[in-house]
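Chains as they are written, first to last, in our numbering: chain V, 534 to 901; chain D, 534 to 901.
Just so you know, the hints here were simulated from the structure itself, not pulled from any lab data.
Just so you know, not all the hints are guaranteed correct.
For chains that are exact copies, the list does not tell them apart, and a pair is met inside one copy or across any two.
[Unchecked claim] In silico DMTMM-like cross-links for lysine to aspartate or glutamate, where the CA-CA straight-line distance does not exceed 20 Å:
| no. | residue 1 | residue 2 |
| --- | --- | --- |
| 1 | Lys697 | Asp574 |
| 2 | Lys890 | Glu811 |
| 3 | Lys851 | Asp574 |
| 4 | Lys868 | Asp817 |
| 5 | Lys642 | Glu621 |
| 6 | Lys555 | Asp574 |
| 7 | Lys787 | Glu590 |
| 8 | Lys633 | Glu849 |
| 9 | Lys890 | Glu592 |
| 10 | Lys555 | Asp569 |
| 11 | Lys537 | Glu587 |
| 12 | Lys555 | Asp701 |
| 13 | Lys541 | Glu584 |
| 14 | Lys541 | Asp574 |
| 15 | Lys890 | Asp727 |
| 16 | Lys721 | Asp794 |
There are 2 protein chains.
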Amino acid sequence: MNQKEIQKLASQCTRFLIGHPKNRWTAQRILAELADWANPDLMPDMYGQGELIEGFEAEIASLLGKEAAVFMPSGTMCQQIALRIWSERKGINRVAVHPKCHLEIHEHKAYQILHGLHGVLVGSPDCLLTLDDLQRVKEPLAALLLELPQREIGGQLPAWQELKAIIDWASQRKIATHLDGARLWECKPFYQRDYTEIASLFDTVYVSFYKILGGIAGAVLAGPSDVIAEARIWQRRHGGNLVRMYPFVLSAKKGLVERLDRMHDYHQKALEIAAVLESFPQIDVVPNPPHTNMMHVYIRGNRERLEAAALGIARETKIWLFYSLMPSPMANCWKFEWTVGDATLDLTKPEIAALFKTLLNRAGVVGT
Amino acid sequence: MNQKEIQKLASQCTRFLIGHPKNRWTAQRILAELADWANPDLMPDMYGQGELIEGFEAEIASLLGKEAAVFMPSGTMCQQIALRIWSERKGINRVAVHPKCHLEIHEHKAYQILHGLHGVLVGSPDCLLTLDDLQRVKEPLAALLLELPQREIGGQLPAWQELKAIIDWASQRKIATHLDGARLWECKPFYQRDYTEIASLFDTVYVSFYKILGGIAGAVLAGPSDVIAEARIWQRRHGGNLVRMYPFVLSAKKGLVERLDRMHDYHQKALEIAAVLESFPQIDVVPNPPHTNMMHVYIRGNRERLEAAALGIARETKIWLFYSLMPSPMANCWKFEWTVGDATLDLTKPEIAALFKTLLNRAGVVGT
Numbered sequence: 534m535n536q537k538e539i540q541k542l543a544s545q546c547t548r549f550l551i552g553h554p555k556n557r558w559t560a561q562r563i564l565a566e567l568a569d570w571a572n573p574d575l576m577p578d579m580y581g582q583g584e585l586i587e588g589f590e591a592e593i594a595s596l597l598g599k600e601a602a603v604f605m606p607s608g609t610m611c612q613q614i615a616l617r618i619w620s621e622r623k624g625i626n627r628v629a630v631h632p633k634c635h636l637e638i639h640e641h642k643a644y645q646i647l648h649g650l651h652g653v654l655v656g657s658p659d660c661l662l663t664l665d666d667l668q669r670v671k672e673p674l675a676a677l678l679l680e681l682p683q684r685e686i687g688g689q690l691p692a693w694q695e696l697k698a699i700i701d702w703a704s705q706r707k708i709a710t711h712l713d714g715a716r717l718w719e720c721k722p723f724y725q726r727d728y729t730e731i732a733s734l735f736d737t738v739y740v741s742f743y744k745i746l747g748g749i750a751g752a753v754l755a756g757p758s759d760v761i762a763e764a765r766i767w768q769r770r771h772g773g774n775l776v777r778m779y780p781f782v783l784s785a786k787k788g789l790v791e792r793l794d795r796m797h798d799y800h801q802k803a804l805e806i807a808a809v810l811e812s813f814p815q816i817d818v819v820p821n822p823p824h825t826n827m828m829h830v831y832i833r834g835n836r837e838r839l840e841a842a843a844l845g846i847a848r849e850t851k852i853w854l855f856y857s858l859m860p861s862p863m864a865n866c867w868k869f870e871w872t873v874g875d876a877t878l879d880l881t882k883p884e885i886a887a888l889f890k891t892l893l894n895r896a897g898v899v900g901t
Numbered sequence: 534m535n536q537k538e539i540q541k542l543a544s545q546c547t548r549f550l551i552g553h554p555k556n557r558w559t560a561q562r563i564l565a566e567l568a569d570w571a572n573p574d575l576m577p578d579m580y581g582q583g584e585l586i587e588g589f590e591a592e593i594a595s596l597l598g599k600e601a602a603v604f605m606p607s608g609t610m611c612q613q614i615a616l617r618i619w620s621e622r623k624g625i626n627r628v629a630v631h632p633k634c635h636l637e638i639h640e641h642k643a644y645q646i647l648h649g650l651h652g653v654l655v656g657s658p659d660c661l662l663t664l665d666d667l668q669r670v671k672e673p674l675a676a677l678l679l680e681l682p683q684r685e686i687g688g689q690l691p692a693w694q695e696l697k698a699i700i701d702w703a704s705q706r707k708i709a710t711h712l713d714g715a716r717l718w719e720c721k722p723f724y725q726r727d728y729t730e731i732a733s734l735f736d737t738v739y740v741s742f743y744k745i746l747g748g749i750a751g752a753v754l755a756g757p758s759d760v761i762a763e764a765r766i767w768q769r770r771h772g773g774n775l776v777r778m779y780p781f782v783l784s785a786k787k788g789l790v791e792r793l794d795r796m797h798d799y800h801q802k803a804l805e806i807a808a809v810l811e812s813f814p815q816i817d818v819v820p821n822p823p824h825t826n827m828m829h830v831y832i833r834g835n836r837e838r839l840e841a842a843a844l845g846i847a848r849e850t851k852i853w854l855f856y857s858l859m860p861s862p863m864a865n866c867w868k869f870e871w872t873v874g875d876a877t878l879d880l881t882k883p884e885i886a887a888l889f890k891t892l893l894n895r896a897g898v899v900g901t
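For reference, chain V alone in the conformation it holds in the complex (with noise of 0.2 Å):
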């Protein structure tokens, strides 16, 4: 099959192991939800103004428990220029990072490059960052990057007692603290925290709305009030100073509203797949017991019949598995990031089970 027959496939299934049903709606059943859901007499933004706009904003700091925040396109945007603010306001162009967050990997060197910073890679690239990795760093930094949970690596999250001591690390050095955020919301159940608790040991959060919320597109960066003031003009200075954003900032805001109560279930899941799956030898889950509600599945087999098999079962069963399996270290063994989301809730434990035993037989991994 070829990727467009694979879309199809995919649009003719009706239920799906990971993310939202709402990942598969169309353009207009999306926008139309949106209108419907929109207070009537609610105008448009402008330039970053306006009710909807600055009242989600106060909303989004209330709930981190900062002074302020501003609403931007993307996160990416966000994370550059917190550091680059922190790197000024320190006089260090030197940031500690992990050797797999987002701004070393998927940003093709933006800091560097539009924004002169040097990353500190610090930890290894398969584990979370630890104070131990810190404490050998022998160079001043200006601010120290930490994703919570950390997405590359199966969404893990560092112990509440590791991570106050990381944060206590830095304090003492004046070293200022950034939260990649981007799944902040999935970080509760594992912390058993509020948000602002959590938020409250970070200098500046970033946080997105179009992950586990469902949102269309769009991120806050929230902090001190003088950092945030300062951060509106290199957003401007990017071109994320957008004319209008309200699709993306009600789309956000309903995220919110409708998902935000639903991270202890999506965890609960999680922890309910990964018991499933421990019972094929086949197949390991990372990390086991799941920190939130994501997990890296990895499966030892032949990685053309493992892929052939999902798209049979999703023939036949209308259910779809995964896309395609991305390589892992060892040989003859792939793997794919299950996110949970309200699609898988409505899947049952035997049902689960029943799908991966049909999976691993099917692409010859056991016998049947």
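Please build the complex by placing chain D on the supplied structure of chain V, with the hints as guidance.
Then chain D, alone, in the frame of chain V:
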């Protein structure tokens, strides 16, 4: 009246001198209209990929006679990126710009701070840049940026022969030419040439969709395939490769379909308005006759009384004149920018004459 009362009054008006009625629509109405207009099968884009966004890029590339095009959230992003690419290709970090171009006055010098470019200011702030001005430049240049029409001076356009001579001067020196075409759509009646021919003078062209076309937000950069491919990398660096932009793209496409053919009517109306205003000795129009659907209207008198008179007219007639007057270089002379749109077309010559007669009378500029 405070700003809130002024906004309320504006929202109660039913007719407007400036722009489109749609500019005063609620978010709900715009989103619902967009949902209705969308192809029912259309799926959201994903990081710049998808039928709608890729098709629209191809459509704009073709309309402008360029090999390729990329949709970005803002023109600020498009233009910095185009200049950065030309600068690197030429190995020169200087770019020639007009002192009142957008990069120089509205972007907090991002082209310098983010991209390390140096602006060589060419021409007088209140006039179009000329071949004469350029011939006085004695430094090597990577690129020349021209804005057609030039917004900050009332939408002025150079004569076609002058424009060609400027481009020839640049080409002979292997200086790349970039068009700030934020309002390129409005140039057609003046040049009586199609967009392909106008754009053919330039190596790269930026166009906008939320001004005269009435879209929500968004811009396109068009040019050679290799430049546009590189621009996509810079777009990601800027944080502008958004996960989804379909509300912007849909509204841009809709605006193009609905309004591109109205440019002649808008321009004719601007000529008509300028002729009406000419009969008032207290009013000047710049440029006169208008080159496009835009003009600067200068009024001599007391600013507070003029603004109060405009609000009084709004209250009584439900016709909205302008938001506020801006200072001009002359004492007791104020200006506003008049962009002819769908709302303007609805006002007759006698109505416009009567409105300004009342305005001047009430402000005490002329006796009743």
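Status of each hint after checking the structure:
1. For a Cα distance limit of 20 Å, the shortest separation of Lys697 from Asp574 qualifies neither inside one copy, at 45 Å, nor across copies, at 49 Å.
2. In this homomeric assembly, Lys890 and Glu811 come within 20 Å of each other (Cα to Cα) only inside a single copy, at 12 Å, whereas the closest approach across copies is 83 Å.
3. Within a single copy, Lys851 and Asp574 get their C-alpha atoms only as close as 41 Å, which misses the 20 Å cut-off; across copies the closest is 19 Å, which meets it.
4. Taking identical chains as interchangeable, the C-alpha atoms of Lys868 and Asp817 lie at most 20 Å apart only when both belong to the same chain, with a minimum of 9 Å there against 70 Å between chains.
5. For a Cα distance limit of 20 Å, the shortest separation of Lys642 from Glu621 qualifies both inside one copy, at 18 Å, and across copies, at 17 Å.
6. Proximity of Lys555 and Asp574 under a CA criterion of 20 Å is satisfied inter-copy only: 14 Å between copies versus 26 Å inside one chain copy.
7. Proximity of Lys787 and Glu590 under a CA criterion of 20 Å is satisfied intra-copy only: 14 Å inside one chain copy versus 30 Å between copies.
8. Taking identical chains as interchangeable, the C-alpha atoms of Lys633 and Glu849 are never at most 20 Å apart, the minima being 38 Å within one chain and 63 Å between chains.
9. Taking the closest pair of Cα atoms, Lys890 and Glu592 never come within 20 Å of each other, the shortest separation being 46 Å inside a single copy and 48 Å across copies.
10. Proximity of Lys555 and Asp569 under a CA criterion of 20 Å is satisfied in both settings, with 16 Å inside one chain copy and 19 Å between copies.
11. For the identical chains of this complex, Lys537 and Glu587 are inter-copy neighbours only, at 15 Å across copies versus 41 Å inside a copy, given an alpha-carbon limit of 20 Å.
12. Taking the shortest Cα distances, Lys555 and Asp701 never come within 20 Å of each other, neither inside one copy (41 Å) nor across copies (53 Å).
13. For the identical chains of this complex, Lys541 and Glu584 are inter-copy neighbours only, at 13 Å across copies versus 41 Å inside a copy, given an alpha-carbon limit of 20 Å.
14. Taking the shortest alpha-carbon separations for Lys541 and Asp574, only the inter-copy value of 12 Å comes in at or below 20 Å, while the best intra-copy value is 39 Å.
15. Taking the shortest Cα distances, Lys890 and Asp727 never come within 20 Å of each other, neither inside one copy (38 Å) nor across copies (62 Å).
16. For the homomeric pair Lys721 and Asp794, the shortest alpha-carbon distance inside one copy (10 Å) is at most 20 Å, but the shortest distance between copies (54 Å) is not.
Checked against the numbered hints above, the structure breaks hints 1, 8, 9, 12, 15 and satisfies the rest.
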